[in-house]
Each structure stands twice: as C-alpha cells, then as structure tokens.
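Chemist: Sequence:
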Amino acid sequence: MRMVCRSSCVRCALPYHEHDGVEEGVAMTRVSAEDSLVGALYATLRERIILGEYPQGAKLPETTLAADLNVSRVPIREVLPLLERDGLIRTNPRRSAVVHSWDHASVTDLFEVRLALEPLAAEYAARRVAAGADPAPLHRAFADAVAAIEQGDPITIAATNADLHRVILDLADNELLRQMMRPVLVRMNWIFFLTSDRDTDVQCSEHRHLVEAIAAGEGALARFLASAHVEGGRVPTFAALAGHLGEKAE
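Residue 41 in the UniProt record's numbering sits at position 41 of the sequence shown; the count goes up by one each step and never skips.
Check the hints yourself; a few may be wrong.
Here are the in silico distance ranges between beta carbons for each label pair [said to hold, decoys possible]:
#, residue 1, residue 2, range
1, A67, D170, 35 to 43 Å
2, P61, V202, 36 to 44 Å
3, T108, V202, 17 to 25 Å
4, A130, D109, 27 to 35 Å
5, R94, G243, 27 to 35 Å
6, S205, S96, 42 to 50 Å
7, N92, A147, 14 to 22 Å
8, E150, F111, 23 to 31 Å
9, A147, P81, 34 to 42 Å
10, G232, M180, 19 to 27 Å
11, H139, T63, 42 to 50 Å
12, N92, A216, 43 to 51 Å
Everything labelled a hint here was simulated from the structure, so no lab data went into it. Computed from a prediction, not measured in an experiment: that's the story for all the values here. Backbone N, C-alpha and C fix where the C-beta goes; we use that ideal spot for every residue, glycine too.
Produce the entire structure from the sequences given, and follow the hints as far as they go.
Modeler: Written as structure tokens, this is what we have:
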C-alpha cells in the first residue's frame, strides 16, 4: 500500500488539511502532529474511495484500515466521522464502516442541493468581481480544467472540474455557504470521476460561459448559467452512472 500523503491531494482537488480546521497554505508547524496525521489519513482514504480502491459497499474494519495505512486505530477512529460527514462512508455502532453506495435517490439529492447552492455561489462571486475582487484564480482554474480535458486523464478531469467549482465558491467569499458546500464538493468530485466519460466539450463550453459571466461581474447571468449547468448535467450524469448505481438507498 502507498504511504499516507503529506501534501495536497491534487487528484481529489481538496487540500488534505482542510478538514482539520487548517486553511490551505498554513505552515505545518502551526498544527499538531495528531491533527496533521488525521488530515493526511482523511485525504488518503477519500482518494481511495473516490478512485474505487475501496469499492462502493465495501466494509472498512478499523483494523484493516490501520494496517493498510500503517497507523494505530486511534487516528482511524478520528477520521471515520469526517468521512461520514462528507458522505463517503456510513458507520454503525459496533460494526465496520461501509463505503457509501450511490443510488438514484442519493444522486438526485446531490443535484437538488447543487441546484440550490451553486447558482447562489456564482451570483455572489460575480458580485464580488463587480466590487473589485480579482477573477484571476477563476481563470487559472478554468485553464487547468481545459488542460485536463486535453490530456484525457479521467482522474485529473474530475479533480480540476471539482476545483473550478471550489474556486467559484472561494470567490463568493461567504463562509456559511462555504461550510454548506464543503461536503457537497467532496461528493461532486466522486461523481465527476465516475462520470468522466461524459461529453467534456459540452461541459467545457458551459464552464467557459459561466466563468466569463462571473469575470464580467454579471450576477444575474452567472446565477442563470450555473443553474442551467447543474440541471443540464442531470440526465447525462444518470446515463453515465448506469453501471455504478445500486438499487437501494442506505
């Protein structure tokens, strides 16, 4: 097994220490070794779940995870609630954790929440640009997403796609919205990987128009385009997930 990563989990688009309350870029000397370990374990387990190394429905005994990651069971017990919070696993008292299994209901739930929150984030981001915020990070994130499509690597495509949505959220600069969207972004990253064979040209075009609207400070247009982007991806996502969905919700 690979060693636990100690740097940003590029393939999963989120920094490994985002979930222990430490903002990206803060020196590791400012966090305890225990918190650093839990954050790194979170990133490693999240990546393995998203990439299917721990398949949907698989049991994750604490002893197995501890052996896989060469740690004691103590940090494993600390990281499991974080994974459950973000929808990657479910836990039960006195039983092994189980990897979340996607079904029609859980994917629908994700789209409904995205439809409620992402247009709001896009509008807020555009308003901030109109008020003087720098859209450069948004342009960089979009360029990374385009480059990933050109490379054709499904892992990178999923990661940069999720990262673009995260950058929009960061630009919106609404802490409550950011907290609400954090677990949504993790699940989006997972779905983006499972559906990486979708029509990337369509997604790229929609992203380009959305980025242009935000960068122009057009709040109403950005909200409309974000809503259309989410809703327009619903049917293609279900089609791409045909072989990945279970029959029964957890």
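Chemist: All hints, please: hold or fail.
Modeler: Against the structure, the hints come out as follows:
| no. | hint | result |
| --- | --- | --- |
| 1 | A67 / D170: 35 to 43 Å | holds (37 Å) |
| 2 | P61 / V202: 36 to 44 Å | holds (42 Å) |
| 3 | T108 / V202: 17 to 25 Å | holds (21 Å) |
| 4 | A130 / D109: 27 to 35 Å | holds (33 Å) |
| 5 | R94 / G243: 27 to 35 Å | holds (33 Å) |
| 6 | S205 / S96: 42 to 50 Å | holds (44 Å) |
| 7 | N92 / A147: 14 to 22 Å | violated (42 Å) |
| 8 | E150 / F111: 23 to 31 Å | holds (27 Å) |
| 9 | A147 / P81: 34 to 42 Å | holds (36 Å) |
| 10 | G232 / M180: 19 to 27 Å | holds (22 Å) |
| 11 | H139 / T63: 42 to 50 Å | holds (47 Å) |
| 12 | N92 / A216: 43 to 51 Å | holds (49 Å) |
Hint 7 from the list above is the single one not met by this structure.
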